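Those sequence lines, one after another, are chains A and B.
In terms of my numbering, the first sequence has 60 at position 60, counting the first letter as 1, and numbering is strictly consecutive.
In terms of my numbering, the second sequence has 458 at position 458, counting the first letter as 1, and numbering is strictly consecutive.
Warning: the hint list may mix true and false statements.
[Unchecked claim] In silico EDC-like cross-links for lysine to aspartate or glutamate, where the CA-CA straight-line distance does not exceed 16 Å:
(1) A/Lys11 / B/Glu145
(2) A/Lys12 / B/Asp132
(3) B/Lys569 / B/Glu587
(4) B/Lys389 / B/Asp437
(5) B/Lys17 / B/Asp387
(6) A/Lys110 / B/Glu39
(7) B/Lys17 / A/Asp119
(8) A/Lys12 / B/Glu133
(9) A/Lys50 / B/Asp127
[What the hints assert, rightly or not] If you want a taste of the chain A side facing chain B, the calculated C-beta under 10 Å gives, among others:
(10) Lys3
(11) Thr70
(12) Leu117
(13) Tyr126
Calculated directly from the structure, the hints in this document are not laboratory data.
Given the structure is predicted, the values throughout are model-derived calculations rather than measurements.
Here a beta-carbon is modelled for each residue, glycine too, at the ideal position from N, C-alpha and C.
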Amino acid sequence: MSKIKSLADLKKIRDEKVSGLQSRERGEDAENLVQVKVAMATCGIASGAKETMEFIAEALEKRGVDAVVTQVGCMGYCYAEPTIEVKLPGSESVVFGGVNIEKADEIIEKYIKGGELVDGIIPVNYETID
Amino acid sequence: MSKYSMHLLVCGGTGCKSQESDIIAEKLKNELLKQGLEETVQVIMTGCFGFCEKGPILKVMPDNTFYTQVKPEDAEEIVEEHVIKGRRVERLLYTDPETEAHVEDSKHMGFYKKQLRIALRNCGVIDPEIIDEYIARDGYSALGEVLANQTPEETIELMKASGLRGRGGAGFPAGLKWDFARKNEADQKYVVCNADEGDPGAFMDRSILEGDPHSVLEAMAIVGRCIGADMGYIYIRAEYPLAIARLKTAIGQARKYGLLGKDILGSDFNFDVDLKYGAGAFVCGEETALIHSMEGERGEPSLKPPFPAESGYMGKPTNVNNVETLANVPVIILKGAEWFSSIGTDTSKGTKVFALAGKINNVGLIEVPMGTTLREVIFEIGGGIKDGKKFKAVQTGGPSGGCLTEKHLDMPISYENLVANGSMMGSGGMIVLDEDDCMVSIAKFYLEFTVEESCGKCAPCRIGNKRLLELLERICEGKGEESDLVRLRNLGEVIKDTSLCGLGQSSPNPVLSTMDNFYDEYLAHVVDKKCPSGVCTDLLEYFIVEENCIGCTACARACPVGCISGERKEPHLINPDTCIKCGACMEKCKFDAVILK
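Okay, chain A solo, but in the shape it has when bound:
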């Protein structure tokens, strides 16, 4: 990590990150990976998000699914923690609520591996600025 010395340098890092250049340099192809985001704020962790995340990361590796599992902040669905967002290559991301280990297993087997939706979807009902 070297220092960013100007606004132009900063923009370069941004563009690299946005175009996926950084991950490509590391040999990953983000476009073709399954992306899983786990809401890991205090509220999520208190309802078991940590266990869910560990399980998902481990299970995906064991079952041979190419995926990136990352932690993110609070998605706002306190009534449905732990929440995860899954993006399959080429389709829109889907948010699932109440994802304990059992549910995570079902999501991996049915949705991630088979594209079949499972109960517990939380429809996204907000807009975010770009």
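Fit chain B to the supplied structure of chain A, relying on the hints for placement.
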């Protein structure tokens, strides 16, 4: 890879379920089975779409068609027309109320704009522990822009023009605050981020710090540049360990990238941030008390003026802003004042984050443009009241706010409207109450909190609130007189008028606003000695319902004071004069014959 080429998403939220959405799902499945499509089209129940007003909702993926007010008998048509022939069922599409046109794609529906995430833009989107993810979402570009292309005066003017007001409580214009701090010359100035979130039920600041810590750091550096400070402190409660850990990681990463430290982004601007921990005193959210606590003094407020902009931390000009306020700053710089001020109402610009809690279906963190009505927040985004109960009131602004009722539901949310109706914005906690809640004991609950949290420096708050609480306790115990209601009001007004800081000036609000809106409940407590909602146990009596009682004698045997009489196989009777209200009879009764009334 998917065996399904189409998904029918049926809303399984409470509102839609009460309108037979599960039957709709069943019917759809049956229709698909009839057509032999059960292997290619999947029907699935989802959580609440946040559009209960037009429920039941059915969304078709992948074409994003959004059907509203669907009935079980529509299932056949949907399968035949949409699924098989690929034609949308026009009459079930959502009609835009303004253009009166059918909206096909849910992405273009107005209701999706009910929630607009500005302060929460990165929460749940980026990994808060990886600075590159923040940079990818235009992070630190606003700081770069300010350093490279704007003078501090220009940035302050931009903030003033945007109309951004403090999100921590009182709603003071942020740009004006910065201007004051800039104009006070000194050898050293400070930027302080107030992360002492203390309202019961409010957690937006914690969520922002945990989900997007860099946005706050970037904003603090921008403030530093504007007012001429090279040091910033985040005053954060020690009971937010995850937020603290993520902030520390973020500060470390920003320093490594040179986004904090000396000569930031090749300019001559230096700025660094450090953390100061609070011990969790509510009063330290007040900026003068916060500064005293940072200095190692007692967390007590002092008289303003002098304002912190003149003499704050270590006697130097200091600018204090709340977390959510700061989280808005980088976006405003990048998107412009005009964009920001186009959102919201005349006097309240932008969006506000609310924490929905209490008797509401979708407990959670939401962000809506100012001017959204309480009805939209509670009944659409929040999914309505739990268990189909009746809405009674919503407490906004925490212990300093007041309650709003049915008649306020269509009021657009703004700083002014809330104050005019006896409440306040506060930090944005919204606690929803239903018909089972007793307003007198709600007022008592909040007052217990303020009595506990009063720092004790000024007499009206220290002694007055204590006396106010004693009056409420008497009323809840059934020992209140009608004259107590007059004393409650008078004392409340005096405390508001004479207290030193915001805590005392607002602490009687829950009492006064519940008295304004629910006076009959107070009267019931003092005149009839009854609690209409059945909450205040001292005012309730255990009672045996004759029809339900089979005379099994279980209650009489359980009663420790022998106040239950009756023959075997005959309905029993509780003597209220000797009953100690222990509840043992109710626990033992298997026939729901013992009730509290």
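Checked hints:
no., hint, verdict
1, A/Lys11 / B/Glu145, "11 Å, holds"
2, A/Lys12 / B/Asp132, "11 Å, holds"
3, B/Lys569 / B/Glu587, "19 Å, violated"
4, B/Lys389 / B/Asp437, "11 Å, holds"
5, B/Lys17 / B/Asp387, "12 Å, holds"
6, A/Lys110 / B/Glu39, "14 Å, holds"
7, B/Lys17 / A/Asp119, "15 Å, holds"
8, A/Lys12 / B/Glu133, "13 Å, holds"
9, A/Lys50 / B/Asp127, "14 Å, holds"
10, Lys3, "3 Å, holds"
11, Thr70, "5 Å, holds"
12, Leu117, "5 Å, holds"
13, Tyr126, "3 Å, holds"
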